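Novice: Residue numbers (this note's numbering), protein chains in the order written: chain A, 1 to 686; chain B, 1 to 686.
If you're looking for bench data, these hints aren't it; they were derived computationally from the structure. No experiment lies behind these values; they were computed from the predicted model shown. Don't take every hint at face value.
Claimed, not checked - BS3-like, lysine-lysine: derived pairs with alpha carbons at most 30 Å apart:
(1) 665/A - 665/B
(2) 273/A - 246/B
(3) 600/B - 110/B
(4) 650/A - 441/B
(5) 665/B - 528/A
(6) 536/A - 70/A
(7) 42/A - 145/A
Chain by chain, the residues:
There are 2 protein chains.
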Amino acid sequence: MPASNTLPARVEQVINMKVERVLHPFSPLTVDEITQSAALIKNEHPGVELNFKCITLREPEKEVMKEWLKAEEGSKPQIDRKAFAVYYIIRTPDVFETVINLTTEAVESKTKLGAGFHSCADGEEILEMERVCLADEGVQAEIAKLQLPEDTIIVADPWIYGSDGIDDERKQWQCYLYSRPKDNADSNHYANPIPISPVVDVATRKVIRIDRLPTGIDDTVGEIQPHKPILNEYTPEHQKLRTDLKPLNIIQPEGVSFRFSDNGEELEWQKWKFRVGFNHREGMVIYNVSYDGRDVFYRLSLSDMAIPYADPRKPYHRKQAFDLGDAGAGAMANNLKLGCDCLGTIAYLSFPIADDKGEPIVMENCICVHEQDAGIQFKHMNYRTGNSIVARMRELILQSIITVANYEYIFAFIFNTAGELSYEVKATGILSTAPLDPEIKECPNFGTIVHPGVLAAHHQHIFSLRIDPAIDGFGNKVIYEEAKAMDRDDPFNPFGTGYYITETKVESEGGFLESPENNRVFKIQNPKHRNPVNNKPVGFKIQAPPFQKLLAAPDSFHFKRAEFADKAVYVTKYQDWEYFAAGQYTNQSRGGHGIREWIKRETKFDTEEGDDVVVWVQFGINHIPRIEDFPVMPVETLRVHLKPVNFFDKNPALDLPPSQQSVNKSVLLNVEGNGCQKAQSGACCQ
Amino acid sequence: MPASNTLPARVEQVINMKVERVLHPFSPLTVDEITQSAALIKNEHPGVELNFKCITLREPEKEVMKEWLKAEEGSKPQIDRKAFAVYYIIRTPDVFETVINLTTEAVESKTKLGAGFHSCADGEEILEMERVCLADEGVQAEIAKLQLPEDTIIVADPWIYGSDGIDDERKQWQCYLYSRPKDNADSNHYANPIPISPVVDVATRKVIRIDRLPTGIDDTVGEIQPHKPILNEYTPEHQKLRTDLKPLNIIQPEGVSFRFSDNGEELEWQKWKFRVGFNHREGMVIYNVSYDGRDVFYRLSLSDMAIPYADPRKPYHRKQAFDLGDAGAGAMANNLKLGCDCLGTIAYLSFPIADDKGEPIVMENCICVHEQDAGIQFKHMNYRTGNSIVARMRELILQSIITVANYEYIFAFIFNTAGELSYEVKATGILSTAPLDPEIKECPNFGTIVHPGVLAAHHQHIFSLRIDPAIDGFGNKVIYEEAKAMDRDDPFNPFGTGYYITETKVESEGGFLESPENNRVFKIQNPKHRNPVNNKPVGFKIQAPPFQKLLAAPDSFHFKRAEFADKAVYVTKYQDWEYFAAGQYTNQSRGGHGIREWIKRETKFDTEEGDDVVVWVQFGINHIPRIEDFPVMPVETLRVHLKPVNFFDKNPALDLPPSQQSVNKSVLLNVEGNGCQKAQSGACCQ
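Same shape as in the complex, but just chain A (with noise of 0.2 Å):
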């Protein structure tokens, strides 16, 4: 978890994010009212210190936001400003929710959280638990038998515990231990990786077990042996760097085609238009999706990930994260970098959390903005006259990166100038890898060697994107259409080539897989509008790729808690703040407070007039590792696309202007140099 960004802001950025101004109802708080909120629950509890989880913006109640995003300006009724808070009694077991009013300045609301109820992680704490790991005499006993050369220290990387049923009340971390040279504090430490696994109890920061990681294929625990490191850096100062790739710019000499507006929270670009909000949680989130007018979609976010692990040996078996849940998108967002992670003119957003203290600190930078070609949107040539039009596809591109221990995601919420808005992940960063005996030379079944003596465990990345549609306005429906040959005997279809699309309404809540074999296709649609060309009802299309579900045992810990994991598309009634798949607490959950209990409601939709319908897109990888993954891996790319389906009555990017050299300005290579006489110089077409 990146401690460079839990670091407290520098106060004038913090007073720069002091802006007066009336605050949109799904404006992310604001430091002062992040301080306030502190404040207020501080005075719940005096005398004591407490851990802050997290203080976000309780939204409002979708029906009174209805009512406020249909009332003209100036008439808009008063929304009091909220805030959700989680936080525990420092050294206790004992964690709180609570929603204060900002507004009128009282604590709304106080529960503690029953048994079993554990909160996420945080920057501090996860340091606080290395500290106390490495401190231990019992664990520095354990690691002197390793015999380390000098100038080799241990480093630990804590673990979120999960769950096996067995002494697993108490919230607990398990911290995974491996060598680097002391000299080289950017030691890729993944590659030596130590069989001894100490746990620490939170409360009482205290090592309460140490564990013995099995080195062998089997689960057997040997001996600790004397460890020789062998280094596998990424840092490309130990690379021999290639010379020849040549510098690409891009160049927008005219600026950027979008436009920011209240506090850069709102954004227009090619006829779309939308708001951006920020939490610890979620990252970023986007609200009030608009095109040319028309609404789309009320609120879109990554809900959750899970990532189980396929080692089934102890204690491996209980390794599976929850990334959002257990760190959260937005507490362990990057600080972007100009000209590091996006080329062309890039703009950045940065937006107050609170820290374990209840501070507001600014997380700097951590949503870039900025315009990609996309290559050709459309293209016609006329045979008979030779013309051709071409149009190029821009997109505009909303970023977030997360560091998660030894992993990045990559998040990106994608608009284009067809209409279309697809999420969009790459996975990257370090395999989280075991000690293997170094005489093991076959792969085990269930992970691939990545190093000499290092083992990379297969695991799933199974990722939650919660769309809230607003499909031309609120009232929608959910249905899927299927391709079907046609009864070879029906004399409608005499030569048998015939093919039509059925389609089924999903008539209440539930989970459904996808079938490519059947062409499966997802629309939202609103049954209330009809394409005025041919009758259909307006709608988008989800596009995501097919996935293996969660390959865990249905009756184990693993698939109790990734309530999302087994179906492609969960449909639910909208309730306020039912926003995680997995549950508001994913830190050593044990299941029954996410979709897989919430669709148990069976509650009925209205298919006729449209109903408030949330959609779950589940999307992922099974990462069965490559030794090409390793000490980095290669992006690793999954796209979920939402595509107009008779919303518009033509092609929506028809306007765009044709792609002419005169303004794209590309420059011929001449090749003659190089031998080649067939370059051929191109006029434009237009």
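Following the hints, position chain B against chain A.
Specialist: Frame of chain A, contents of chain B only:
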């Protein structure tokens, strides 16, 4: 079909192609060789006019090439240059295929094909069919019944006839008619289809039948009604163009990172090295792909594609195009224009093919070559030090765009900086439309109303990519891996969280389905070369999007002809000149000469030593038209990825120079002016 591309090229270009050099055995035929081939063939047929369909390189036998590739420069065995040609005796059904030895100037073989074998279209033939159709008095009499407004003229699109076993032995064309304003040659006539469909016999150049098209939702045919055109144009002068999209330029101040040699047919870029070829049928062909001196692929090309339509009614029941076999991806290639089809610094390649007279024509700028930034290649941030490393992915793109009447395909071979190779297809252009009675407001279940009185029938696009591998040398095998949950009763899996990988060898020729629910991954491996670290066979995996297989009934002509469209992956034993998955002659074919026939050989593979396997990867989309796809459709993109798996001993992109602002020269957008005080200036991470 691009008539403009089939006009004889300017003389100086033809001369320009006459390069004195030693030709590589994979060099496409030169202008001289095409001329020489035509002359030798014409000598065989004194006194008759020939209609040439193709004159193309007859590639050497693979065993011969293996010797040639092994041999030292200077001591290479001499390989005779050969041509393969197909031609008709004009105005007869007599079609011949022949092999010409250009070195010995001899006709090596000449075969008159049997009944039921028909060759492809050519630009001149298509224009002639259109002339014959529109000049026919019977057709004109039918058109008169439309009572078209003045200044409206009829356009005929000749369509590949297809097969249904009913009087379809001779080569015919099915012409679909449309109207357009006389004064706009670039009008989108597909918005005004006409229910009259003449059939033209190629040999006699006569209209032999005038089909009437059903215009309701069933297969009945009514009287021809007066037609009132409603225009739906795609050209910019008919749009109110958006004015707020700012220019975006890609600047490569030091030029490109790739290098051509051998007359532009050999390319080197970022450790990749390969040859580029081009022919009438496949268009781009990639040969002898190596990475850092290690062989990867022997030959890569798009083998064919099938586009069957869903509408079961006569004559639509025959509508299935094989755009490579019936027309040719080389013959239909666009002349790419600087600043229209690509951004950045672009090189263009041109290659000669033969026209219908057997004369060489230069397909100018039929391939463009350029680099593209592809976002982050890898990133890791050390949360303890706050130091992060980012490298950006670069791609090298070889692009070719084809126009087949109404439709466009954008094809690209894409190489990247992580040792990955992709094949991309983007579908765009104009839907093939059919007339519908204007009073019909509800779409039939086999098509979508995309304009008043216009139906776009559902159709599938199924592609077959031919991969002739040489992973770390010749002698490869194919396997597929699946991920499976460990047995719940396995004592090794006490908590039910474990899963493992199974491997299945492809032991003999056959076809296989994808299985995303099992995370099935096909890999091409070299069983004789093992990864030095983890002892796995070196290999590349295939990542292709799952797709719905051909929906037509197994006894239908659609199914019999689309021999590759029912499986995700076919594996065959290499046979010389076995390139085309639906057979050499797809036009009006009846099946039995393609891959479904070849696998009946059931050749066993040597999976220990490796064997000469060829892998055919199918992918596609079931296109259920949206009104947004008309009058010209936004691109739909498909990508097949070939990624190294345990081929290297670590991330091959590790030596990429880190992404730095000093090189990237990104620009910080100060959004204060837009009322946003949140943009922070970012210093570079380096």
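Novice: Decide, hint by hint, whether the structure agrees.
Specialist: Evaluation of the provided hints:
Only pairs whose Cα atoms come within 30 Å are accepted, and residue 665/A paired with residue 665/B is accepted, the gap being roughly 18 Å. Distance check on the hinted pair: residue 273/A and residue 246/B sit about 17 Å apart at the alpha-carbon level, within 30 Å; holds. Our distance criterion of 30 Å between C-alpha atoms is met by residue 600/B and residue 110/B, whose separation comes to about 28 Å. Our distance criterion of 30 Å between C-alpha atoms is met by residue 650/A and residue 441/B, whose separation comes to about 16 Å.
Between residue 665/B and residue 528/A, the direct Cα distance comes to roughly 50 Å. Violation of the 30 Å bound is thereby established for this hinted pair. For the hint pairing residue 536/A with residue 70/A, the CA-to-CA distance comes to about 27 Å; that is within 30 Å, so the pair holds. Distance check on the hinted pair: residue 42/A and residue 145/A sit about 46 Å apart at the alpha-carbon level, beyond 30 Å; violated.
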